[in-house]
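Undergrad: Produce the entire structure from the sequences given, and follow the hints as far as they go.
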Amino acid sequence: MSDVIRPYGDATGDGMVQVSFTLPIAHDKRAEGAAAQLARKMGIDPALVVHARAMGPEFTFFVVYGRVNHLVELDKVAVVERDYPLLTPKEVNARVRKRLRRPLVVVGACIGSDAHTVGIDAILNIKGFAGEKGLEYYSHLEVHNLGAQVSVPELVAHATQLKADAVLVSQVVTQRDAHLENTGEMAAAFREAFPPDRRPVIVVGGPRFDESMAAELGVDQIFGKGTTPGEVASYLVHRLVRET
Amino acid sequence: MKLQLDPQKVSVARELAALAGRPVVEMAQAHTTVSIERAVLRMAGLEGSDVDGIPWANRLTEGVADRVGLDRGVALPVWDALAAQRRAGIGTDAPLLTLAQRAAAGSVDFRQPEGRDAAAATTAAMKAARAGVRRMDRQRAAREKLLARYPVDHTPWIYLIVATGNIHEDVPQAQAAARAGADIIAVIRSTGQSLLDFVPEGATTEGYAGTYATQENFRIMRRALDDVSEELGRYVRLTNYASGLCMPEMAVLAGLERLDMMLNDSMYGILFRDINPVRTFTDQHFARQVHARAGIIINTGEDNYLTTADAVEAAHTVTVSQLLNEYFGRQAGLADWQLGLGHAFEINPEVPDSFRLELAHALLARELFPDAPLKWMPPTKHMTGDIFRGYLLDGFFNLAGVLTGQGILLVGMMTEAVVTPWLSDRDLALQNVRYVLDATAGLAEDFQPAPGGLIATRADDVLGEAVDLLGRITEDGLLPAIADGTFGLMKRPADRGKGLDGVVTRAEGYLNPVADILGEVPA
Chain A
1 MSDVIRPYGD ATGDGMVQVS FTLPIAHDKR AEGAAAQLAR KMGIDPALVV
51 HARAMGPEFT FFVVYGRVNH LVELDKVAVV ERDYPLLTPK EVNARVRKRL
101 RRPLVVVGAC IGSDAHTVGI DAILNIKGFA GEKGLEYYSH LEVHNLGAQV
151 SVPELVAHAT QLKADAVLVS QVVTQRDAHL ENTGEMAAAF REAFPPDRRP
201 VIVVGGPRFD ESMAAELGVD QIFGKGTTPG EVASYLVHRL VRET
Chain D
1001 MKLQLDPQKV SVARELAALA GRPVVEMAQA HTTVSIERAV LRMAGLEGSD
1051 VDGIPWANRL TEGVADRVGL DRGVALPVWD ALAAQRRAGI GTDAPLLTLA
1101 QRAAAGSVDF RQPEGRDAAA ATTAAMKAAR AGVRRMDRQR AAREKLLARY
1151 PVDHTPWIYL IVATGNIHED VPQAQAAARA GADIIAVIRS TGQSLLDFVP
1201 EGATTEGYAG TYATQENFRI MRRALDDVSE ELGRYVRLTN YASGLCMPEM
1251 AVLAGLERLD MMLNDSMYGI LFRDINPVRT FTDQHFARQV HARAGIIINT
1301 GEDNYLTTAD AVEAAHTVTV SQLLNEYFGR QAGLADWQLG LGHAFEINPE
1351 VPDSFRLELA HALLARELFP DAPLKWMPPT KHMTGDIFRG YLLDGFFNLA
1401 GVLTGQGILL VGMMTEAVVT PWLSDRDLAL QNVRYVLDAT AGLAEDFQPA
1451 PGGLIATRAD DVLGEAVDLL GRITEDGLLP AIADGTFGLM KRPADRGKGL
1501 DGVVTRAEGY LNPVADILGE VPA
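Top line first, the protein sequences correspond to chains A and D. Numbering-wise, the numbering used here puts 222 at position 222 of the first sequence, and it's gapless, one number per residue. Numbering-wise, the numbering used here puts 1029 at position 29 of the second sequence, and it's gapless, one number per residue.
If you are wondering where the hints come from, they were derived from the structure by calculation, not from laboratory data. Values in this document were obtained by computation on a predicted structure and should not be read as measured data. We treat Cβ as the ideally placed atom computed from N, Cα and C, and that holds for glycine. Since no wrong hints were added, every one of them can be taken at face value.
Calculated cross-link-like contacts (lysine-lysine; reagent style DSS-like; alpha-carbon spacing at most 30 Å): (1) Lys98/A / Lys1491/D; (2) Lys1381/D / Lys90/A; (3) Lys76/A / Lys41/A; (4) Lys90/A / Lys225/A; (5) Lys1491/D / Lys1009/D; (6) Lys1491/D / Lys163/A; (7) Lys163/A / Lys225/A; (8) Lys1381/D / Lys225/A; (9) Lys98/A / Lys1381/D; (10) Lys90/A / Lys1491/D; (11) Lys225/A / Lys76/A.
Among chain A residues calculated to face chain D with C-beta under 8 Å, some are: (12) Thr22; (13) Met55; (14) Gly56; (15) Phe59; (16) Phe61; (17) Val118; (18) Asn125; (19) Ile126; (20) Lys127; (21) Glu136.
TA: Dropping the structure here:
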């Protein structure tokens, strides 16, 4: 197969694509011209504005078909690989059931003065986030959500008592870098309380974390803005459940 | 279109729901919660918050709880303290606010009044509560007047969502949606508000995936929709949430600010937000009494069960929940026209005959609850990001809604699970609805499910499974059933969950002037 390809409409190499978009102008001749201009700038030439419809007095919706003059160079395609596979809830449950042979215990909390449970609830509550159910939905994950304003010693005590495999902490408030300070303190407390081979996996998440700072903060994984429950569950299986 | 359900089976189902629900209503009537007590203060006109944003209703309730506890309610100690305050000549302009401020400073010695003092406090509290209830009554009358002037004479009502996080952005979006055909605007709340044990204050401009529900935001949006109702000659209804830890307060604020519908499910908070079951049922009974009086239509959340469990296997749990919501609703004084019982189009489209099964389930709900304006929820679980296929699925959802006479149609978006709806998504979605409505409005009259055919049989089977499940629930009790994960697969024991510390067993002599007034006149 060639390393250079074009989009396929109904014949090899025809380069045909379709796009739709809205422009914030009233629908008239000029609006259709504006849509064709945008399409040309996107590399679609000739651009055929096949549909234009007024949406109220100030907006127009367009559907455009045309030949795109860009080439796809397959040898230059770069993909950032996640270092663990994304699993469906079914796969997560199956792996835990077959290989761990007991429920995987997850303890979650908001630590310090942070009362914003949005993050931890999005990941843990069955309601979930971004159309994915939270970890409570997974039949083979045993989830304990301790809620907000949990102190570090309390968290360590609960993790010990519940025999946590993983501890999930969310931090939303970032005033004076509170999230970094709290996280560092928590990581240190867990290192102190557990021998290295018995320590639960520590995962933190929040909108202002830099995902590359895990080692610096002494945690195992950091999840940033937009993380979904499925990603967290997949990571936990990757870390905690042996492959065979 | 008729299924010819077995009337015997239908009445058994209702009797079992009543049997399962009765102990829960009794439990609710034996308890109060911090939010119910705060709702009493809000009904009496207490608004605003301190410099930290803690509402005065919370401050005053905490003040009473710390000194004398809440087992006889806030009303007696508060109106007793107000009498003392008046005698001392303090805060005559805004007595309740002044008392809350003084309580927050720790300078009020609340007591449980006895004898003549208790009688005087009761009279004063009833008077203050009655003034609030009258404000709510005036809003109900205003709605009825506006509906007469700007009638909405079609069904289903078309329900659209706005959720920018900023009330001032929500307003133009809501008005644009109304102009495009929406009969109902729902303002989605900020993620996590349901777990706040206070109602935020003021006009808000920042939220997570939604806009905070506050009294001021309610006012701003209602005013904006009143303007657009006048422009269009069609009354546009406003919806928000009476759910989460502040359900009773939300109900009061909605009544005072003339919201028209409220999401209010009997078990959603328990199952999906891990709120304590006793807290939820207690809050809910009061909230629904308020809704009944305010003329608000509730929307229940059965659609959620189908997003977590399989929509075919769990179909009967929807029916059971609808029957329970109906029982609890009627017990709180809601009329059938106020019961927007929920269900959803969530069967996997790969399942053979999926559309026929959807019709069976939708018809079952329609026939079981002939006078309820059912709320019909669009597909979400099987919306994959393939917007073209999603658009087709939404078309079939609309068709099922029209064919089975659903009262409230939440407009499905082809970009469900992709983005929050774009302007063009909403426009395309409304074109979809309008096409189906215009093309098939009278189709139900030509269409009769064959007796003994798949649709009739399936509906009968689901009703049978619902009766069986209700039978098991009445044996063990509803709370243990919830604890065992009967609904939505979630296990929620009655002694766990959020908000339990705000539940109080009522003592002899408990007074809730608002509940007493609402109990006087059935809506």
